[in-house]
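Asks: Sequence lines, in order, name chains A and B.
Heads up: the first sequence begins at 1 in the UniProt record's numbering, then just goes up one per residue.
Heads up: the second sequence begins at 1 in the UniProt record's numbering, then just goes up one per residue.
Some clues are possibly wrong.
To be verified - Covered stretches of chain A (chain B as the covering partner; in silico rule of three or more C-beta atoms under 8 Å from a C-beta of chain B):
id	segment
1	119-129
2	180-188
Said to hold, decoys possible - Label-pair ranges, simulated between beta-carbon atoms:
id	chain 1	residue 1	chain 2	residue 2	range
3	A	G132	B	A154	34 to 42 Å
4	B	T103	A	P214	57 to 65 Å
5	A	P26	B	P28	50 to 58 Å
6	B	D261	A	F265	37 to 45 Å
Since the hints were made in silico from the structure, they are not lab data.
Glycine residues also receive a C-beta, built at the ideal position from the N, C-alpha and C atoms.
Protein chains: 2
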Amino acid sequence: MKAFDYAGVSPREVRQMIREGKWTLPTPGMCKGHVQGNLVILPKDLAYDFLVFAQRNPKPCPILDVTEPGNPEPKIVAPGADLSTDLPRYRVWVNGECVEEPTDVKKYWRDDLVGFLLGCSFSFEGALLEAGIPVRHIEQNRNVPMYITNIQCAPAGALKGPMVVSMRPIPAAQVPKAVLCTGRFPAVHGSPVHIGDPSLIGIADVNKPDMGDPVDINPGEVPVFWACGCTPQAAIMDVKPPFCITHAPGHMFIADPKDADYAVF
Amino acid sequence: MKAFDYAGVSPREVRQMIREGKWTLPTPGMCKGHVQGNLVILPKDLAYDFLVFAQRNPKPCPILDVTEPGNPEPKIVAPGADLSTDLPRYRVWVNGECVEEPTDVKKYWRDDLVGFLLGCSFSFEGALLEAGIPVRHIEQNRNVPMYITNIQCAPAGALKGPMVVSMRPIPAAQVPKAVLCTGRFPAVHGSPVHIGDPSLIGIADVNKPDMGDPVDINPGEVPVFWACGCTPQAAIMDVKPPFCITHAPGHMFIADPKDADYAVF
Numbered sequence: 001m002k003a004f005d006y007a008g009v010s011p012r013e014v015r016q017m018i019r020e021g022k023w024t025l026p027t028p029g030m031c032k033g034h035v036q037g038n039l040v041i042l043p044k045d046l047a048y049d050f051l052v053f054a055q056r057n058p059k060p061c062p063i064l065d066v067t068e069p070g071n072p073e074p075k076i077v078a079p080g081a082d083l084s085t086d087l088p089r090y091r092v093w094v095n096g097e098c099v100e101e102p103t104d105v106k107k108y109w110r111d112d113l114v115g116f117l118l119g120c121s122f123s124f125e126g127a128l129l130e131a132g133i134p135v136r137h138i139e140q141n142r143n144v145p146m147y148i149t150n151i152q153c154a155p156a157g158a159l160k161g162p163m164v165v166s167m168r169p170i171p172a173a174q175v176p177k178a179v180l181c182t183g184r185f186p187a188v189h190g191s192p193v194h195i196g197d198p199s200l201i202g203i204a205d206v207n208k209p210d211m212g213d214p215v216d217i218n219p220g221e222v223p224v225f226w227a228c229g230c231t232p233q234a235a236i237m238d239v240k241p242p243f244c245i246t247h248a249p250g251h252m253f254i255a256d257p258k259d260a261d262y263a264v265f
Numbered sequence: 001m002k003a004f005d006y007a008g009v010s011p012r013e014v015r016q017m018i019r020e021g022k023w024t025l026p027t028p029g030m031c032k033g034h035v036q037g038n039l040v041i042l043p044k045d046l047a048y049d050f051l052v053f054a055q056r057n058p059k060p061c062p063i064l065d066v067t068e069p070g071n072p073e074p075k076i077v078a079p080g081a082d083l084s085t086d087l088p089r090y091r092v093w094v095n096g097e098c099v100e101e102p103t104d105v106k107k108y109w110r111d112d113l114v115g116f117l118l119g120c121s122f123s124f125e126g127a128l129l130e131a132g133i134p135v136r137h138i139e140q141n142r143n144v145p146m147y148i149t150n151i152q153c154a155p156a157g158a159l160k161g162p163m164v165v166s167m168r169p170i171p172a173a174q175v176p177k178a179v180l181c182t183g184r185f186p187a188v189h190g191s192p193v194h195i196g197d198p199s200l201i202g203i204a205d206v207n208k209p210d211m212g213d214p215v216d217i218n219p220g221e222v223p224v225f226w227a228c229g230c231t232p233q234a235a236i237m238d239v240k241p242p243f244c245i246t247h248a249p250g251h252m253f254i255a256d257p258k259d260a261d262y263a264v265f
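Only chain A is shown next, with the shape it has when bound in the complex:
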């Protein structure tokens, strides 16, 4: 079975399958139309700074849910779910180093841990595709190209750092539509942060992304940059917290709401 075979299965059923250890692969393509989220789990003492950082930088840090300290249930976006078991693969970080990539984090769970789910670009990419706008890295079956920019996030407590962006080449005539149809989703990164000349945001070579894969930019296409959910993880890793858990790249949490639930118009 491939991820796309689960496109029509409910989030609850897929989470159950993941919880039982029957699915340990990336989640893109599963539960089509439902929101997938990035996971960050922090001790409560750093959770406050993280909340403020997210509040000050909503485009790269769109929070979908915050759990009560010690309770791994994301009550807003998936009542009954368990953030310590319901993702297919995690990364456990100690002093900023990844020490394990387990398929659950039950043994690491503590009474002071707070789970954050953050919106991800899968949601607005669905909107782009539905609007007839190509999404190159999907066409080319690659990871989206990501870049560290010279746009500084507003710092909060110990957390600071540059904004990370993802790039999608858009045919020039479709750029306005791409702005409008992603702008409908401010809770999942929203409208682009930059359109056109990469050097204006500190990107030396658009063909050499800092993370992910390069994609083809065809004649007549404009590189369009959106705030990326890697931004908050990068800010956290920068402070090398004593303890932290994240999802493994591509192994997201699948929530109950649909992408459309986050549209503001």
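Go by the hints and put chain B onto chain A.
Replies: Below, chain B alone, put in the same frame as chain A:
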């Protein structure tokens, strides 16, 4: 001098005037087009719950800025300003009781205090007026009518409670436009939470608001309800925190950004 005489004065100048004690009256009408914010100042231990509460209930709790603990400068919306001096009147609360209504709170300031500025309905009322939609309580020179609903906010830590809403009667044909033009401002309460029959959200008599003044609802008009910034203050007062400071009603903080800066489309 009346508030409207300061419609064209900059926020920085008006804040300076307030800081020097030369203006101690309500702020509506001052610095036209600039955002005015509700103030809540909390000790850091309760600030975390408040941030989570706001994250879970963004419509009634639209946070514009959060200060660093101990520092009264709202660096995002008004660099150089001072939340302990730049509002014309405050309320100081001890164990849930208002003990003083001073014109500054310098003597109460502490190293563990965090200031929150929350969006207010003045911003979207400007948008309604510009769209040619009447705002009845302004026409009638009254306070906006506010109601405690049966819509429960998502709780967070110690904070819970019902959503408080404000009501504006809108001519039926203009209701869609009122939805669209306030929906552009999700950071300042956004689109309505309810349109029409007040009983569906637990309001027994629309002519008897829980706070504020009743206003006339003319034939052919529909009562339209927006989430109200009184909601978070009510949730805080419900837990009777040992210490808390708020603005006095109508005596808001005038920030640098313009209302238009918060429009998402």
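Asks: Give me the numbers of the hints this structure contradicts, sorted from smallest to largest.
Replies: 1 and 6
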